[in-house]
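Based on the provided sequences and hints, a complete structural model is requested.
As they're listed, the protein sequences go chains A and B.
With the first letter of the first sequence counted as 1, position 406 gets the number 406 in our numbering; the numbers rise by one all the way through.
With the first letter of the second sequence counted as 1, position 239 gets the number 239 in our numbering; the numbers rise by one all the way through.
Keep in mind that the hints were calculated from the coordinates and are not lab data.
Among the clues, some could well be false.
Cut-off 25 Å, straight-line C-alpha distance, at most; resulting in silico cross-link-like pairs (BS3-like, lysine-lysine) [what the hints assert, rightly or not]: (1) K71/B - K59/A; (2) K71/B - K794/A; (3) K442/A - K277/B; (4) K49/B - K110/A; (5) K5/B - K121/A; (6) K5/B - K59/A; (7) K800/A - K49/B; (8) K123/A - K49/B; (9) K670/A - K794/A; (10) K277/B - K439/A; (11) K2/B - K123/A; (12) K179/A - K23/A; (13) K277/B - K670/A; (14) K31/A - K2/B; (15) K594/A - K604/A; (16) K141/B - K178/B; (17) K23/A - K2/B; (18) K5/B - K123/A; (19) K379/A - K167/A; (20) K59/A - K49/B; (21) K167/A - K177/A; (22) K277/B - K121/A; (23) K110/A - K2/B; (24) K395/A - K426/A; (25) K110/A - K277/B; (26) K308/A - K402/A; (27) K402/A - K682/A; (28) K2/B - K121/A.
None of these values were measured; they are calculated from a predicted model.
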Amino acid sequence: MTNVIGKSATRVEDKRLLTGQGKYIDDLGTKVNTGHAAILRSSHPHAYIKSIDKEAALKMPGVKGIITGEDIRGLVKPFSVGVMAPVEYYPLAIDKVRYVGEPVAIIVAKDRYAAEDALEKIKVVYESLPPLVGIERALEEDAPILHENVGSNIANHREFNYGDVDKAFEEADRIVKHKFNFPKYTATPVETYGVVAEYDPAHDQYTVQANFHGPFVIHSIMAQALQIPSNKLRIIVPKDIGGSYGIKAGIFPYIVLCGLASKLIGCPVKWIEDRQEHLSSSASGTDRVTYIEAAVENSGKVTGLRMKMIDNVGAYIRAPEPASLYRNHANSTGAYDIQNLHIDAYAIMTNKSPTGLIRGYGGQELYFPLERIMQEVAKELNMDHADVIRKNLVKEAQFPYKTASGGTYDSGNYEESFELALATGKYEEFRKKQEEARKNGKILGVGLACIVEPSGSNMGYITVALTPEERAGSLPKSGAAEAATVSMDPLGSVNVRISTTPSGQGHETVAAQIVSEVLGLPREQINVVAELDTSTSAWSIASGSYSSRFASLGSSAIYYAAHKVRTKLFKIAADQLNVKEADLELEKGSIFVKNNPDKKFSVKRAAGLAHWHPTSLPDGMEPGIYETYYYTADVAQAPNEQDMINSSVTYGFVADMVTVEIDPDTAEVKIIDYFTVHDAGKLLNPLIVDGQIMGGLAHGLGGALYEELAYDKNGQFLTGSFMDYLCPTAPEIPNVTIKHTESPSPLTPLGAKGLGEGNTMSAPVAVANAVSDALAHLDIMIDDLPLSPTRIWKLMGEAKEKVTTP
Amino acid sequence: MKPPKFEYYKPATLEEALNLLEEAGDDGKIIAGGQSLVPIMNMRLASPKCLIDINGLEELSYIKNEDNTLKIGTLTRQSDVEQSEMVANVCGLLAEAITQIGHVQTRNRGTIGGSIVHADPSAELPLALLTLNGSVQITSKDEVRTVAAEDFFITYLTTDIMPTEVLTEVTIPLMEEKSGYSFQEIARRHGDFALVAAACHMTVDDEGLITAVRLALGGVEAIPLLIGDAEDILTGEQLSDSLLAQVAESVEMESDPESDLHASSEYRTHLAKVLTKRVLTQAYERARG
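Written out as structure tokens, the structure is:
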């Protein structure tokens, strides 16, 4: 296995994408009678809707119809979600709005211009309610309540105890603790949401094209909301999606909304979200407050952790939330061997936009406090941060490593990877340089972070949001199933159909590499169909593009499907050549007898026989070549009664070292160098791997330095354009050095693990640690992001005041 | 993000454009590069009923050096000025300022006149024009008048220009021997509007004594702000730390920046002082050669 897999093959997608021939949702043709939708959104963070007058708007030229919450009442059930709190979330606000940007009405007109003209004519009378913005405020007795029938703002609350936490804290030499805030931010796909929905009254069926990327468990949620049999909801995902990073899972309310509008208004409905809508209302990561406490020995060994995590899921908890709290449950102690763990997890609701999947999902929120507190431990003990990390890393001999909360880290050599990061970044040398620079008034700092990068989510993990007793009341969930189909047509051409809904990651390329290798055919001859159609594709609830699941799960399904084809071809060839299958070998499109290579049968001919001359096939063999494989991993078990859960299939490792310089006058942070070492098992295509890492890192640096979806204290949304929401662009990206170690996963057939989310998880805290290190002489605590110059300048000013006026 | 309906005209001559503007009155709006107007129309923050597109008026696109005065036609693209060797040779400050406007793509579309009439308080061109003691030529059907930059900017996004007028030319008196300049800004990202920008133009005699200086700041007031005290404090002196501190103090007195998401008022004031010292120092060093 080294002909094609593992090679830096260039991407088959790039030719069409770079020459403007990609086919995104907005490029797909529409029928002549298609109406174009615009959505009226709430300007209030929290208010009752007293009345909506749409008469004047309906009279505007080109308007086909207007749907409000009142129109869908009774036609649609609230979207189901995996918590007990009875939160009612609909695709349009009914009776009440709960965030700025919440859809209040949808207008369908002959074009988007006419729809937006009419939008201005709808008169909505609101009765304002006090807004709820702060995370901890949501838990106070007298806080405004968003959902009266829930009775509080808590959507979910669970407490977990693993090991003997109280003992660890009693016996600790010291306890290091702090409160950290992680802000609300997004991942900024260049392409926004898009839906083309058509209701067909003849078959009572909804056919919807949308740049939705799963998880396809949400297909069930949409069908249930529409109260239709699930085969009456056909979702077609175009082969090209312009980035998502998790955000496009949040499109599902709009799929239902446009479907309903199509049914009620009587024409296909197309809606392309604009950037203002996207920033205010699409989906984002959760903002989180974490109270973290570490029980520490004087040696630097951390023996126990307590974390109280409060996630803000926005105005409505919606699937897959509260998964942000639990996606990293198995790897809650990160890269460290800590067996005593207490977690107090809250998902609360405030008057901000609802959250959802985002690259890194829950990881950056977890590792920000965890890796910050490790540096604080070093400070407290007057040790080098690197030594504290060394003291606590899981050791090579411990793999497969069982975590306190039920995870199994499948493979790794964390110490080797970490030392490689330090050596690459010349850590010791930088420390000397830093000391020298200090004498000249320059402020340099170095930040370290080690994180475990989970991939391939176990569909059972989200059920730890329920108590074991609550779980017992419903059917158990587990697995991480993914499917792929490999087929050969009568002339021997190969088609591969995947259900991993790529959004730019190069799945077509890697799928072709895998099938090329297994079938011994040139990869250029393999046609990969990335379009997913829920009525004709092989898919399951876990299908889609999230939790870095392609390399671990998608690639495995493709590999095994290709092997089913290979086995069938070998059976045909063995029968034709009158030898045993075991005597055969495959190379360059030809199946031949190992010890007599002249005796051969071409792959093309074997496939051809299955179509043109099926009676010649071995007894009992089906005609045709069309093989589907559904892959899951046995390790993705349902949680047990002790809430132990292996929340992901594979676990990679990332060690980062970043160096920064802070301008003493302007407090601007400049990243000098970023070094990152990844262990993602066997790399399927190193070129794509490094591209994915750079993308994840850019997002991580955005979280560290620039990005926040900001609201004022009254709940008004402040970052509705790219002038206000600062997404880093190419010039903001520093020098980056990427290195790899490879500890193949024993769980996947190709030894691969997922990647691409790691630096999104690690960079915010790595940079925060570097800034904290740079400002150590001022004793400044970094516990909030992003690290904007105005924030750092304020901290520096306060610290200097403290020094001068003790 | 689609604009409301508007009428669109593309005149072939300036005369035709001025006639159209006169007819449209308050409803008319000139469009050139569209780098500010189009986004605000799409966001429906502005809804002019009548757009008059002057992109066809090639005669308004030129860069000339006449009688020691740099003359730039209003329709000249920012990137043309950026790439002009003549501008680099005779007006370094403008050349330095222009590279800090937005991005290559926006400079390819954005025009010199467009940015100046838009009058964003943190934009580069209004600040450079003020620092260089430039003026603008304004043309209507009835007259052509010239207004000094010091009198042109009135308040946030508002200038002396009337609805029936077009800014047609920008003029900048050229620097003398032994002069130095500096244009610096602090922005959150490459290409963003400056949190604070500062520009300085200075002449120095053979002894190193400052003979004239103009210092101005962007982003600290509703319009680009000329720091008149700088002239009084520095003229006849060699630049020193204590003089820099004095000027910075004046800057602090005169600045009244707003707070927003990206910078507090206090931080902006602080940056204004930091940048003041930096541009004065750089301009002085350059002037001394």
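How the hints compare with the structure:
{"no.": "1", "hint": "K71/B - K59/A", "in the structure": "violated (53 Å)"}
{"no.": "2", "hint": "K71/B - K794/A", "in the structure": "violated (44 Å)"}
{"no.": "3", "hint": "K442/A - K277/B", "in the structure": "holds (18 Å)"}
{"no.": "4", "hint": "K49/B - K110/A", "in the structure": "holds (22 Å)"}
{"no.": "5", "hint": "K5/B - K121/A", "in the structure": "holds (15 Å)"}
{"no.": "6", "hint": "K5/B - K59/A", "in the structure": "holds (17 Å)"}
{"no.": "7", "hint": "K800/A - K49/B", "in the structure": "violated (55 Å)"}
{"no.": "8", "hint": "K123/A - K49/B", "in the structure": "holds (24 Å)"}
{"no.": "9", "hint": "K670/A - K794/A", "in the structure": "holds (17 Å)"}
{"no.": "10", "hint": "K277/B - K439/A", "in the structure": "holds (22 Å)"}
{"no.": "11", "hint": "K2/B - K123/A", "in the structure": "holds (20 Å)"}
{"no.": "12", "hint": "K179/A - K23/A", "in the structure": "violated (46 Å)"}
{"no.": "13", "hint": "K277/B - K670/A", "in the structure": "holds (21 Å)"}
{"no.": "14", "hint": "K31/A - K2/B", "in the structure": "holds (22 Å)"}
{"no.": "15", "hint": "K594/A - K604/A", "in the structure": "holds (19 Å)"}
{"no.": "16", "hint": "K141/B - K178/B", "in the structure": "violated (42 Å)"}
{"no.": "17", "hint": "K23/A - K2/B", "in the structure": "holds (23 Å)"}
{"no.": "18", "hint": "K5/B - K123/A", "in the structure": "holds (21 Å)"}
{"no.": "19", "hint": "K379/A - K167/A", "in the structure": "holds (24 Å)"}
{"no.": "20", "hint": "K59/A - K49/B", "in the structure": "holds (21 Å)"}
{"no.": "21", "hint": "K167/A - K177/A", "in the structure": "holds (17 Å)"}
{"no.": "22", "hint": "K277/B - K121/A", "in the structure": "violated (53 Å)"}
{"no.": "23", "hint": "K110/A - K2/B", "in the structure": "holds (14 Å)"}
{"no.": "24", "hint": "K395/A - K426/A", "in the structure": "holds (23 Å)"}
{"no.": "25", "hint": "K110/A - K277/B", "in the structure": "violated (58 Å)"}
{"no.": "26", "hint": "K308/A - K402/A", "in the structure": "holds (22 Å)"}
{"no.": "27", "hint": "K402/A - K682/A", "in the structure": "holds (22 Å)"}
{"no.": "28", "hint": "K2/B - K121/A", "in the structure": "holds (15 Å)"}
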